[in-house]
Amino acid sequence: MQFDFNKLKELNELDFDQIAIWPFEVKTVVALFVAIIALIGGYYTLVKDKLPMLEKAQLHEVDLKQSYQGKYNIAVNLPAYQAQLERLEKDFSSMLKSLPTSNETPGLLDDITFVGTSAGLTFKLLNWQKEVPKEFYTELPIQIEVTGNYHAFGQFVSDIAALPRIVTVHDFEVTQELSTLKLKLAAKTYRAELTQSRKDISQ
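If you read the sequence shown in full-length UniProt numbering, its first letter stands for residue 1, the second for the next number, and so on.
Think of the hints as simulated: they come from the structure by calculation, not from any bench. Some hints could be false.
The list that follows gives simulated cross-link-like pairs (lysine-lysine, DSS-like), each with its CA atoms no further than 25 angstroms apart [stated by the list, open to error]:
1. LYS90 with LYS130
2. LYS188 with LYS90
3. LYS184 with LYS124
Just need the whole structure built from these sequences, with the hints factored in.
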């Protein structure tokens, strides 16, 4: 059956009461028009209101995929993480074992005095401060005040870092004092605590 476009010119003369006898071409156009109207109406009544829900579901899907990917990466790399954790525990255990016990601390002030005077410094103050207990060790602060020049200060700090004991230096303060310089600093050393927790980690 051929489609005759000339029949469309009769649209204005059609009677809806006689739709059964309309030309085929007219019926086709009207059917397409009704279908388009139905699709547009269905979109606005059924689809459009659900678009925000669809977008939310898509975002949730992206979050789930990212979460899954993260967990998958952890699972894949779990043996490496476990090996790294074991190395860290061994390093921590080794560090704890290297910390001195209480009967090894008195000689440290003598060592600090020796490296300071060897660098050409004069001591004004060298005293233990209040201990700071931690979980596996105790911090032992030392207050130090010396006089000298910048070169001697640098040598002194370098020599302290080279001591067999773990000693860290903090809170430098340099001031001019007559014809010389005054250095105030806080040093910290550490003492191991033989608690059950430390014994468990050290094993």
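Is LYS184 within 25 angstroms of LYS124, Cα to Cα? At roughly 10 angstroms apart (the allowed maximum being 25 angstroms), LYS124 and LYS184 satisfy the hint.
Given the hinted pair LYS90 and LYS130, is their alpha-carbon gap at most 25 angstroms? Answer violated: LYS90 to LYS130 is near 30 angstroms, above 25 angstroms.
So if I understand the rule, the pair passes when the alpha-carbon distance is 25 angstroms or less; does LYS188 with LYS90 pass? Since the Cα atoms of LYS188 and LYS90 sit roughly 24 angstroms apart, the hinted pair holds (cutoff 25 angstroms).
Violated hint for the displayed structure: number 1, the only one.
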